[in-house]
Amino acid sequence: MTAPSSTPPITNPQVLALLRQKARKRAVLIVVALLFAALVMALPVIAIFARAFQEGFEVYSANITTPDTLHAIWLTVLTALIVLPINLIYGIAVSWAIVHYRFPGRRALQIIIELPFSISPIVAGLCYLLIYGATGVVGSWLDGWDIQLMFNLFGIVLVSLFVTCPFVARELIPLMEISGQDQEEAALTLGATGWQTFRHVTLPKIKWALLYGAILANARVIGEFGAVSVVSGNIRGETMTLPLQVQLLYNDYNATGAFAAATVLTVIAVITLVLRSTIEARHPHEHA
Amino acid sequence: MRKTLLAAVGAAFLFTAPASASDNAPKEILNVSYDIARELYAAINPKFQAYWKDKTGQDIDIKQSHAGSSKQARAIMQGLKADIVTFNQVLDVQVLADRGGFVSKSWQQDLPNNASPYFSLPAFLVREGNPKGIKDWSDLVRDDVKLVFPNPKTSGNARYTYLAAYAYALEQNGGDDAKAREFVGKLLSNVAVFDTGGRGATTSFVEREIGDVLITFEAEVENIRAKYGEDEYQRVVPSISLLAEFPVALVKKVAEKRGSVDVSKAYLDYLYSEEAQEIIASFNNRVHNETVKAKYAENFPEVRLIRVEDVFGSWDKANKTHFAEGGVLDQVFTGN
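First to last, the protein sequences are chains A and B.
Counted from 1, the first sequence has number 122 at position 122 by the UniProt record's numbering; the numbering is strictly sequential.
Counted from 1, the second sequence has number 126 at position 126 by the UniProt record's numbering; the numbering is strictly sequential.
Mixed in with the good hints, there may be bad ones.
Among the chain A residues that face chain B by a calculated CB cut under 10 Å, a handful are [to be verified]:
#1 Phe53
#2 Gln54
#3 Glu55
#4 Thr135
#5 Val137
#6 Gly144
#7 Asp146
#8 Gln148
#9 Ser229
#10 Gly233
#11 Asn234
#12 Arg236
#13 Leu248
#14 Asp252
#15 Tyr253
Once the Cα atoms are required to be at most 25 Å apart in a straight line, the calculated DMTMM-like pairs of lysine to aspartate or glutamate come out as [what the hints assert, rightly or not]:
#16 B:Lys253 <-> A:Asp146
#17 B:Lys257 <-> B:Glu39
#18 B:Lys47 <-> A:Asp252
#19 B:Lys71 <-> B:Glu290
#20 B:Lys253 <-> A:Asp143
#21 B:Lys63 <-> A:Asp182
#22 B:Lys71 <-> A:Asp182
#23 B:Lys265 <-> A:Asp146
#24 B:Lys257 <-> A:Asp146
Which residues of chain A face chain B? A few of them, derived with a C-beta cut under 10 Å, are [unchecked claim]:
#25 Val15
#26 Leu19
#27 Ala23
#28 Glu58
#29 Val59
#30 Ser61
#31 Cys127
#32 Gly139
#33 Met150
#34 Tyr250
Derived from the structure by calculation, the hints contain no laboratory data.
Keep in mind the model is a prediction, meaning the values are calculated, not measured.
Ideal placement from N, C-alpha and C gives every residue a C-beta, glycine not left out.
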């Protein structure tokens with residue numbers, strides 16, 4: 001784009017005008033992009049930290065270490081720890097089924113697994129309440145057995161699964177479709193067991209896509225508000241996840257506490273972003 | 001897929017088992033409450049725990065759940081295991097009595113003062129020095145006054161405001177319905193911003209500095225002054241306002257099953273004790289206990305309170321007439 005010094009200077013006025021125009025466009029675009037990024041993305045994040053530390057580090061750490069906020073952090077991590085492995089297993093299973101087998105309902109399955117992306121989380125939460133709540137179809141039957149699915153960790157895990165289950169499959173299906181199953185067939189004909197084939201042939205092929213999907217799903221679990229809010233029951237120190245805790249503290253006029261809790265969410269988000277960029281940089285073509 | 005299902009079912013038993021295991025003496029009860037009562041109950045609970053330990057020798061843990069009280073009532077019907085409810089809307093307790101028998105039909109007679117241990121009323125918050133000279137509802141319809149309160153369609157708090165203004169106008173005009181409608185129509189047209197809830201309205205008034213008057217419960221008015229500066233804001237109590245009850249009830253359907261009836265009832269009774277009433281009054285709620293009332297008299301200016309039942313028949317009726325689709329609220333709104 002920039003002319004090396006060895007080339008003779010351009011004198012044609014038309015070309016010069018064109019170049020000037022190009023430079024102007026370039027400058028305008030760069031300024032707009034930077035301004036937008038600064039105002040819309042960077043500034044609010046900085047504001048969170050500024051507000052959280054406004055009254056000093058002591059107040060900040062006191063806010064983070066209140067039992068309720070600590071419990072909210074723990075509950076959020078616990079939810080992610082439960083949801084993630086289930087997501088991985090489900091993601092691999094459903095992708096494998098869709099890519100390698102032909103069966104009635106396959107098209108429908110392909111559409112259904114994408115459903116959570118197009119349903120508003122709050123509606124998803126209400127759907128679960130309608131089915132698994134004490135007056136719901138399944139919930140009322142379970143209630144007879146004294147089994148409660150909503151307003152506890154299980155309900156939170158359930159809706160978190162719903163909102164995150166497409167992520168892994170979405171990464172895996174295109175990749176599996178491209179790479180086919182020749183290698184797996186070769187491994188099988190050479191006498192490998194199903195597990196060996198998966199472990200040594202399939203997994204190395206899909207591991208980056210798998211990780212990428214998992215990171216996206218994880219970010220979603222941790223940040224989910226709407227669906228969780230409906231089924232949580234809002235019991236303090238028991239069923240409050242971090243995003244709910246942030247709202248609760250804010251409503252209590254404890255802005256510093258709310259922003260302190262928000263910094264935890266932000267830090268997790270930034271770690272996710274870094275992990276994601278690292279994977280993208282190292283394996284740009286492996287997760288279509 | 002099968003693995004996922006198995007894991008999920010396994011997890012279900014794992015997580016629900018400890019919660020549903022109940023001993024003879026309950027270890028904890030759950031108080032399901034409205035959204036802005038957190039600090040109040042956080043102050044009451046340790047006192048009750050000490051009282052209960054003293055009386056029975058048992059340790060009791062009180063869990064709190066706070067959200068909008070309509071949302072909470074729905075959650076209880078869907079299986080949230082509340083032993084007691086402490087709400088800010090009578091209808092939200094009534095619905096628990098009407099549907100599924102969670103609460104006794106006679107809940108309002110089971111405890112003193114319509115099962116409402118404390119009460120409040122819509123009052124005004126104005127800026128320092130009361131620059132617009134706001135004294136009563138009639139000042140709120142002046143052309144130079146801008147108001148902030150939430151949307152009565154979505155906020156219970158704002159319904160009190162709307163009905164209080166309506167009741168005031170009825171009184172001023174000898175019960176003339178048309179004049180009262182005109183009055184609330186003018187009031188609504190003076191609103192600078194309609195937020196969906198009380199917290200949003202507070203933000204608009206205090207942080208965005210919109211409007212001359214914020215209308216909300218008296219207790220909330222004082223909470224806002226305490227948080228944002230006693231000197232920067234003033235409370236104005238109008239001549240007439242609407243009685244806002246804070247009803248409480250035993251969720252007997254849950255408590256009987258969990259064996260927590262005794263301690264739950266004791267908790268509700270405790271809310272009427274002098275000790276608890278004093279805490280409640282210190283949070284700027286009005287109480288019935290005479291000793292506490294005398295002690296906090298100067299915090300609570302005289303005001304004539306009207307009951308919704310006396311002016312509008314019942315909450316149910318008021319809702320149908322005023323807030324339903326095409327009701328009076330919609331009519332006066334479009335009339336502007």
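Cross-check of the supplied hints:
The beta carbon of A:Phe53 is not positioned within 10 Å of any beta carbon in chain B (closest approach about 19 Å), and the interface hint is therefore violated. The restraint placing A:Gln54 at the interface with chain B is violated, with a minimum CB-CB distance near 14 Å, outside the 10 Å limit. Given hint, A:Glu55 at the interface with chain B, is violated; its Cβ is 14 Å from that chain's nearest Cβ, farther than 10 Å. Using the Cβ-Cβ criterion of 10 Å, the hint placing A:Thr135 at the interface with chain B is satisfied: the shortest such distance is roughly 6 Å.
Here the hint on A:Val137 is broken, as its CB sits about 12 Å from the closest CB of chain B, past 10 Å. A least Cβ separation of about 12 Å between A:Gly144 and chain B goes past the 10 Å threshold, and the interface hint is therefore violated. Checking A:Asp146 against chain B by beta carbon gives a least distance of about 5 Å; that is within 10 Å, so the hint holds. Hint status for A:Gln148: holds, given a least beta-carbon distance of 5 Å to chain B, under 10 Å.
Because the closest C-beta pair between A:Ser229 and chain B is about 8 Å apart, less than 10 Å, the hint holds. This hint holds: A:Gly233 has a C-beta 5 Å from the nearest C-beta of chain B, less than the 10 Å allowed. Using the Cβ-Cβ criterion of 10 Å, the hint placing A:Asn234 at the interface with chain B is satisfied: the shortest such distance is roughly 5 Å. The beta carbon of A:Arg236 comes within 5 Å of a beta carbon in chain B, closer than 10 Å, and the hint placing it at the interface holds.
Proximity of A:Leu248 to chain B holds as hinted, the smallest CB-CB distance being about 7 Å (cut-off 10 Å). Look at A:Asp252: its Cβ gets to within about 6 Å of chain B, closer than 10 Å, so that hint holds up. The beta carbon of A:Tyr253 comes within 5 Å of a beta carbon in chain B, closer than 10 Å, and the hint placing it at the interface holds. Restraint check: the Cα-Cα separation between B:Lys253 and A:Asp146 comes to about 13 Å, which is no more than 25 Å; the hinted pair holds.
Straight-line distance between C-alpha atoms of B:Lys257 and B:Glu39 comes to about 29 Å, which puts the hinted pair past the 25 Å bound. In summary, the hint linking B:Lys47 to A:Asp252 is supported, as the alpha carbons are separated by about 21 Å, within the 25 Å threshold. Of the supplied pair hints, the one linking B:Lys71 and B:Glu290 is violated, its CA atoms being roughly 34 Å apart against a limit of 25 Å. Between B:Lys253 and A:Asp143, the direct Cα distance comes to roughly 13 Å. Compliance with the 25 Å bound is thereby established for this hinted pair.
In summary, the hint linking B:Lys63 to A:Asp182 is not supported, as the alpha carbons are separated by about 58 Å, beyond the 25 Å threshold. With a C-alpha separation of about 55 Å, the suggested pairing of B:Lys71 with A:Asp182 is violated against the 25 Å cut-off. Note on B:Lys265 and A:Asp146: the hinted pairing holds, with a Cα-Cα distance of about 24 Å set against a maximum of 25 Å. Note on B:Lys257 and A:Asp146: the hinted pairing holds, with a Cα-Cα distance of about 10 Å set against a maximum of 25 Å.
Evaluation of the A:Val15 hint against chain B yields a violated restraint, the C-beta minimum of about 53 Å exceeding 10 Å. For A:Leu19, the interface hint is violated, the least distance from its beta-carbon to any beta-carbon of chain B being 48 Å, above 10 Å. Checking A:Ala23 against chain B: minimum C-beta separation of about 42 Å lies over 10 Å; hint violated. Hint status for A:Glu58: violated, given a least beta-carbon distance of 20 Å to chain B, over 10 Å.
Of the supplied interface hints, the one on A:Val59 is violated, with its beta-carbon coming no nearer than about 15 Å to a beta-carbon of chain B, more than 10 Å. Annotation: A:Ser61 was flagged as interfacial toward chain B, and the flag is violated, the nearest CB pair being 21 Å apart, outside 10 Å. The interface hint given for A:Cys127 is violated, since its Cβ lies 12 Å from the closest Cβ of chain B, which is over the 10 Å cut-off. Evaluation of the A:Gly139 hint against chain B yields a held restraint, the C-beta minimum of about 6 Å falling below 10 Å.
Hint on A:Met150 holds. Least Cβ distance to chain B is approximately 5 Å, under the 10 Å limit. This hint holds: A:Tyr250 has a C-beta 8 Å from the nearest C-beta of chain B, less than the 10 Å allowed.
Violated hints, listed in ascending order, are 1, 2, 3, 5, 6, 17, 19, 21, 22, 25, 26, 27, 28, 29, 30, 31; each of the other numbered hints is respected by the structure.
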